[in-house]
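Engineer: With chain A held as given, fit chain B onto it using these hints.
Number of protein chains: 2
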Amino acid sequence: MSNYKIVISYDGTRYKGWQSQKSTDATIQGKLQDILKKTAGYPVEVIGSGRTDAGVHAKGQAANFHLKEQIDERKLLETLNHYLPEDIAVLSLEEVEERFHSRFQAKEKTYMYRLHTSKIPDVFERKYVYTYTEPLHLENMKRAAAYMTGTMDFTSFCANKHMKKSAVRSVYAIDFQVTEKEIDIIYQGNGFLQNMVRIMTGTLLEVGMGKKKPEDIPMILAAKNREAAGFTAPAQGLVLLEVKYD
Amino acid sequence: MSNYKIVISYDGTRYKGWQSQKSTDATIQGKLQDILKKTAGYPVEVIGSGRTDAGVHAKGQAANFHLKEQIDERKLLETLNHYLPEDIAVLSLEEVEERFHSRFQAKEKTYMYRLHTSKIPDVFERKYVYTYTEPLHLENMKRAAAYMTGTMDFTSFCANKHMKKSAVRSVYAIDFQVTEKEIDIIYQGNGFLQNMVRIMTGTLLEVGMGKKKPEDIPMILAAKNREAAGFTAPAQGLVLLEVKYD
Chain A
1 MSNYKIVISY DGTRYKGWQS QKSTDATIQG KLQDILKKTA GYPVEVIGSG RTDAGVHAKG
61 QAANFHLKEQ IDERKLLETL NHYLPEDIAV LSLEEVEERF HSRFQAKEKT YMYRLHTSKI
121 PDVFERKYVY TYTEPLHLEN MKRAAAYMTG TMDFTSFCAN KHMKKSAVRS VYAIDFQVTE
181 KEIDIIYQGN GFLQNMVRIM TGTLLEVGMG KKKPEDIPMI LAAKNREAAG FTAPAQGLVL
241 LEVKYD
Chain B
1 MSNYKIVISY DGTRYKGWQS QKSTDATIQG KLQDILKKTA GYPVEVIGSG RTDAGVHAKG
61 QAANFHLKEQ IDERKLLETL NHYLPEDIAV LSLEEVEERF HSRFQAKEKT YMYRLHTSKI
121 PDVFERKYVY TYTEPLHLEN MKRAAAYMTG TMDFTSFCAN KHMKKSAVRS VYAIDFQVTE
181 KEIDIIYQGN GFLQNMVRIM TGTLLEVGMG KKKPEDIPMI LAAKNREAAG FTAPAQGLVL
241 LEVKYD
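Each protein sequence line maps, in turn, to chains A and B. All residue numbers for the first sequence refer to full-length UniProt numbering, where the first residue is 1 and numbers rise by one. All residue numbers for the second sequence refer to full-length UniProt numbering, where the first residue is 1 and numbers rise by one.
Chain A with its partners taken away, still in its complex shape:
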């Protein structure tokens, strides 16, 4: 058995996410598995570093899969990109140790949420941003973000109300990149719960609008209740930038 790691980029607009409950849905994982099955001649499971929601994009999702034989890496990379739809691309492919597992061994993930804040639309980026053109109190958003960093129980920022596993995650940093037309929020952490980045973004937006105060964040976290946090920001503004391994 040979183990291969791939880094994948996708425009998530058309997809039900990385993985779906229903096998008939169009998913990124499904598209990759279809091509690998045809190429290898047997079913191949593609293990992602984590699921991305329907409509979420990626510039650096990571995954791995096993093949019974060793293959020409460059040739398989070309084959995958040849048969994949034009909104999915494999950026790199390399053989890795047999024990490598893209989900269990992921050490750090970086997500970016792009808020388009200008009243002038950007037609070329329209599918990759969430437009919010009312005034936002940026300094309060930054102060609220500071309360969200650290190793804490993020139950209040998790869409899954029946989580049985630990909701403790480490958020290493939340950075803001501000331009004339965008506020991009960059989240780095060891892992994120279901919808966590989108709920954090929705909550930061509510702080920016003045609906919530930065000082509300500790209470929201302590409540361990999804209802305490803000709304779930739309999927289309979110992109998974990178997954790091040791």
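Watch out, some of these pointers could steer you wrong.
As the list makes no split between identical chains, a pair holds if one copy fits it or if it spans any two.
Derived pair list, reagent style DSBU-like, types lysine-lysine, alpha-carbon separation capped at 35 Å [stated by the list, open to error]:
#, residue 1, residue 2
1, Lys-75, Lys-164
2, Lys-75, Lys-211
3, Lys-181, Lys-164
4, Lys-75, Lys-127
5, Lys-161, Lys-75
6, Lys-75, Lys-142
7, Lys-244, Lys-213
8, Lys-181, Lys-68
9, Lys-119, Lys-68
10, Lys-119, Lys-107
11, Lys-68, Lys-161
12, Lys-107, Lys-181
13, Lys-181, Lys-75
14, Lys-213, Lys-37
15, Lys-31, Lys-5
16, Lys-181, Lys-37
17, Lys-127, Lys-31
18, Lys-224, Lys-75
I should point out that these hints are in silico values taken from the structure, not numbers from a laboratory. A quick note: this is a predicted structure, and the numbers were derived from the prediction, not measured.
Structural biologist: Leaving out everything else, chain B in the frame of chain A:
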């Protein structure tokens, strides 16, 4: 009568170009005129700096139109962007002198043709590039481009075989921006004939492939015959960047 100048950005994918022969076609000009007619209460002609072909994009197309009354510029800009489809945006709107004419007074235009040269697709730019992943002889392309600059008769690079007006144009510069994944060719000139940038790009590509030599360009120009030049590169890789006025 008040005269207004606008700068427009559009993703040309869905459109039959800036302007079309058939009034039923979806065009950028048509979309703008529809909204202005509803807003003003009478038909308004939007005069573009020039036509862009079906599928060609713009980051800085210029146009002007007359209204019977003076209006609040900021408000009209917001109204236009509110009612325009998401693939067209008005970047700026300002009142100009009554004699200003966006076509007759355009002094310089800048177009960019984006060639995606990497075998790894860029899913987020896929609609705005033309993919050509075979090797290209860049130095020969640059030498050929040098032969295309200057004030000359560009009949061989014009799709319109029944042009009655002069085909003399000044191409000021053809620059190459090369990255790991793209060769972007930037054309600056006082004006361009129908399909001219696309035929120049197709011809440069044929030079890059070795099908034509840089030294063929003077003969191609001298032939004053469309058949002498190379193929017409696809519309989707082309974007009108800027139109300059005095």
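Engineer: All hints are to be evaluated individually against the structure, with a verdict given for each.
Structural biologist: Here is what the structure says about each hint:
no.: 1; hint: Lys-75 with Lys-164; verdict: neither (42 Å within a copy, 53 Å between copies)
no.: 2; hint: Lys-75 with Lys-211; verdict: between (54 Å within a copy, 28 Å between copies)
no.: 3; hint: Lys-181 with Lys-164; verdict: neither (41 Å within a copy, 45 Å between copies)
no.: 4; hint: Lys-75 with Lys-127; verdict: both (32 Å within a copy, 25 Å between copies)
no.: 5; hint: Lys-161 with Lys-75; verdict: neither (44 Å within a copy, 45 Å between copies)
no.: 6; hint: Lys-75 with Lys-142; verdict: between (46 Å within a copy, 32 Å between copies)
no.: 7; hint: Lys-244 with Lys-213; verdict: within (33 Å within a copy, 47 Å between copies)
no.: 8; hint: Lys-181 with Lys-68; verdict: between (49 Å within a copy, 33 Å between copies)
no.: 9; hint: Lys-119 with Lys-68; verdict: between (54 Å within a copy, 26 Å between copies)
no.: 10; hint: Lys-119 with Lys-107; verdict: between (38 Å within a copy, 29 Å between copies)
no.: 11; hint: Lys-68 with Lys-161; verdict: neither (39 Å within a copy, 60 Å between copies)
no.: 12; hint: Lys-107 with Lys-181; verdict: both (32 Å within a copy, 29 Å between copies)
no.: 13; hint: Lys-181 with Lys-75; verdict: between (41 Å within a copy, 19 Å between copies)
no.: 14; hint: Lys-213 with Lys-37; verdict: neither (51 Å within a copy, 45 Å between copies)
no.: 15; hint: Lys-31 with Lys-5; verdict: within (16 Å within a copy, 47 Å between copies)
no.: 16; hint: Lys-181 with Lys-37; verdict: between (44 Å within a copy, 29 Å between copies)
no.: 17; hint: Lys-127 with Lys-31; verdict: both (21 Å within a copy, 21 Å between copies)
no.: 18; hint: Lys-224 with Lys-75; verdict: neither (49 Å within a copy, 45 Å between copies)
This entry does not satisfy hints 1, 3, 5, 11, 14, 18, going by the numbered hints stated previously.
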